[in-house]
Structure formats: structure tokens, C-alpha cells
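I would like the entire structure built from these sequences, with the hints used as guidance.
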Amino acid sequence: MSRYSSERELPISGEYAKPSRGLSPVQMWHAFSMLLTREVLRFGRIWVQTILPPMIMTSLYFIVFGHLIGPRVGEIEGVPYINFLVPGLILMSVITQSYANVVSSFYGAKFARHIEELLVSPMPHWLIILGYLAGGVARGLAVGAAVTLVAVFFAKIQVHDFTALILVMVLTSVVFSLGGMINAIFANSFDHISIVPTFVLTPLTYLGGVFYSIQMLPPFWQQVSLFNPILYIISGFRHAMLGISDVPVYSTYLILIAAIVLLYGITVFLFHRGIGMRG
Numbered sequence: 005m006s007r008y009s010s011e012r013e014l015p016i017s018g019e020y021a022k023p024s025r026g027l028s029p030v031q032m033w034h035a036f037s038m039l040l041t042r043e044v045l046r047f048g049r050i051w052v053q054t055i056l057p058p059m060i061m062t063s064l065y066f067i068v069f070g071h072l073i074g075p076r077v078g079e080i081e082g083v084p085y086i087n088f089l090v091p092g093l094i095l096m097s098v099i100t101q102s103y104a105n106v107v108s109s110f111y112g113a114k115f116a117r118h119i120e121e122l123l124v125s126p127m128p129h130w131l132i133i134l135g136y137l138a139g140g141v142a143r144g145l146a147v148g149a150a151v152t153l154v155a156v157f158f159a160k161i162q163v164h165d166f167t168a169l170i171l172v173m174v175l176t177s178v179v180f181s182l183g184g185m186i187n188a189i190f191a192n193s194f195d196h197i198s199i200v201p202t203f204v205l206t207p208l209t210y211l212g213g214v215f216y217s218i219q220m221l222p223p224f225w226q227q228v229s230l231f232n233p234i235l236y237i238i239s240g241f242r243h244a245m246l247g248i249s250d251v252p253v254y255s256t257y258l259i260l261i262a263a264i265v266l267l268y269g270i271t272v273f274l275f276h277r278g279i280g281m282r283g
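In our numbering, the protein residues as written are 5 to 283.
Warning: the hint list may mix true and false statements.
Quick list of simulated restraints, FRET-style, between CB atoms [to be verified]:
no. : residue 1 : residue 2 : range
1   : 53        : 207       : 19 to 29 Å
2   : 210       : 164       : 22 to 32 Å
3   : 224       : 29        : 47 to 57 Å
4   : 203       : 157       : 11 to 21 Å
5   : 31        : 84        : 28 to 38 Å
To be clear, the hints were calculated from the coordinates, so they are not data collected in a lab.
Owing to the predicted nature of the structure, the values given are computational and were not obtained by experimental measurement.
From the three backbone atoms N, C-alpha and C, an ideal C-beta is built for every residue, glycine too.
Structure, rendered in C-alpha cells:
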């Protein structure tokens with residue numbers, strides 16, 4: 005009896021048969037390059053929709069918060085308010101764009117049913133995940149660079165620790181790319197891929213210290229803010245740029261690494277079980 009029904013449904017067990025002969029390292033590299041190139045071309049061809057909007061939005065933030073409100077705020081921890089905004093606005097764009105790239109791309113593959121071609125190919129699951137993940141990181145870093153370019157025209161850009169700056173940005177992009185993939189796996193319609201960004205990511209990001217230091221909050225809300233993981237990520241990135249942070253710097257890396265291990269493990273499990281792989 006065939007493993008597949010006449011309706012081309014996925015195996016009930018959720019496990020996809022892979023050829024006994026695995027891919028060679030060269031073949032794996034070509035497969036990975038194919039996925040990454042496709043993802044980069046996908047968002048690069050529509051840069052007016054993927055790269056330009058974050059640049060415009062960041063410009064508006066700088067105009068409204070930096071130039072209009074900033075002079076009234078003055079300085080935060082010895083840093084002019086408009087400079088204080090820069091790290092948060094850059095990382096906020098990296099978070100949203102990394103997430104958006106993977107959730108839209110992977111769900112689109114489910115909806116068009118061509119994800120099945122990848123799942124039954126000789127490519128191991130981890131390589132498929134890595135390909136989509138790299139696409140999300142590429143878009144996140146591209147938008148982060150574009151937003152940084154915009155920031156140059158409004159504020160003084162400084163870097164306290166360049167290595168930490170790149171490391172936090174890349175790890176953050178990886179975390180939210182994995183989050184976008186998990187969202188896409190469970191999504192059953194295009195409406196579902198906007199639920200998490202709207203009701204989870206946006207509130208946590210805006211309450212994560214992008215526009216303020218938690219030291220400005222009453223003691224009770226300072227303690228509440230410590231339960232927001234994005235606070236630690238943004239604080240770590242701000243320390244890399246400005247040398248100031250609301251939380252211990254090591255906590256940023258602990259949270260990012262723990263999130264990557266957890267989300268990657270969940271993603272591999274979902275792939276192995278075939279959960280949510282039908283559009």
C-alpha cells in the first residue's frame with residue numbers, strides 16, 4: 005500500500021522517508037546555497053516592501069521621539085536621548101524583520117504545497133531549517149544595516165564593543181527567525197501568521213526598553229519588566245553600542261543561547277513528527 009493517499013497527504017506518522025545514501029558535504033552546501041539564495045532574492049526583489057518601510061518608520065521615530073520629545077527628556081545615564089534610541093530602534097527592526105521573513109516564507113511554502121518537495125528530498129531536516137533560518141538572518145541584518153544608515157543622519161553613532169554588537173544582532177536574528185518558523189508551522193491561514201507579531205512581539209518590544217530605561221520606572225514596574233526577555237536583548241545591544249545597560253550583560257547571552265537551543269529543539273521535533281506541514 006502506498007505511503008501517500010490519492011490526495012497527496014503527508015504520511016500519517018509524520019516521518020518522511022529519506023534515501024539511505026545521504027548527501028555529500030558539497031551537495032549539502034549546494035542545497036543550502038540554493039535555499040539561502042532563494043530567500044535573499046525573495047525579499048531583495050521586493051525591497052520597497054521589505055527594506056524601505058523600516059527605514060521610513062525609523063526616520064519617523066527619530067523625528068518624533070528624538071527631535072521633538074528628546075530635548076524635553078534630556079539625557080539618560082549620561083547619553084543624549086536621541087543617541088539612547090539608536091540601539092533599540094535598530095534591534096527592533098532586526099527582530100520584526102527576521103521573524104517576518106521566515107514566517108511568511110515558510111507558510112507560503114506550506115500554502116503552495118511545495119514544502120513537501122523539500123521534505124521528501126534527500127535534504128536532512130536540519131539543513132532545511134538552516135536554509136530558512138539563514139534567509140531570516142540575512143533579511144534581519146540587511147534591515148539592521150539600512151536602519152543604522154538612517155540613524156547616521158539623526159544621531160551620533162558610536163560602538164563600545166563591535167564584536168558584541170555583531171554577536172548580539174546575529175543571535176537575536178537567529179532566535180526570532182526560529183520563532184517565525186514555529187509560528188508558520190502551526191499557522192493554518194495567513195491571518196494566523198500575524199497573531200504573534202501583533203499580540204506578543206509588538207507589546208514585548210515596546211515594553212522592552214526601546215524608548216526608555218527601566219530605571220525611570222517605579223520599583224514595582226521595574227520588577228515586572230525583568231520578566232520581559234526582550235529587555236535583556238535590547239539592553240545587551242545597547243551596552244555594545246553605548247556601554248550602558250539596565251541588566252547584567254551576561255544575562256543577554258544566556259537568554260539568547262537558551263532561546264536558540266529551546267526553539268531549535270522544538271522546530272526539529274515538529275519537522276520530525278510532520279506536525280503542521282500541510283498548508
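Of all the hints numbered above, which does this structure not satisfy? Sort the numbers upward. Hint check: 4 and 5 fail, others pass.
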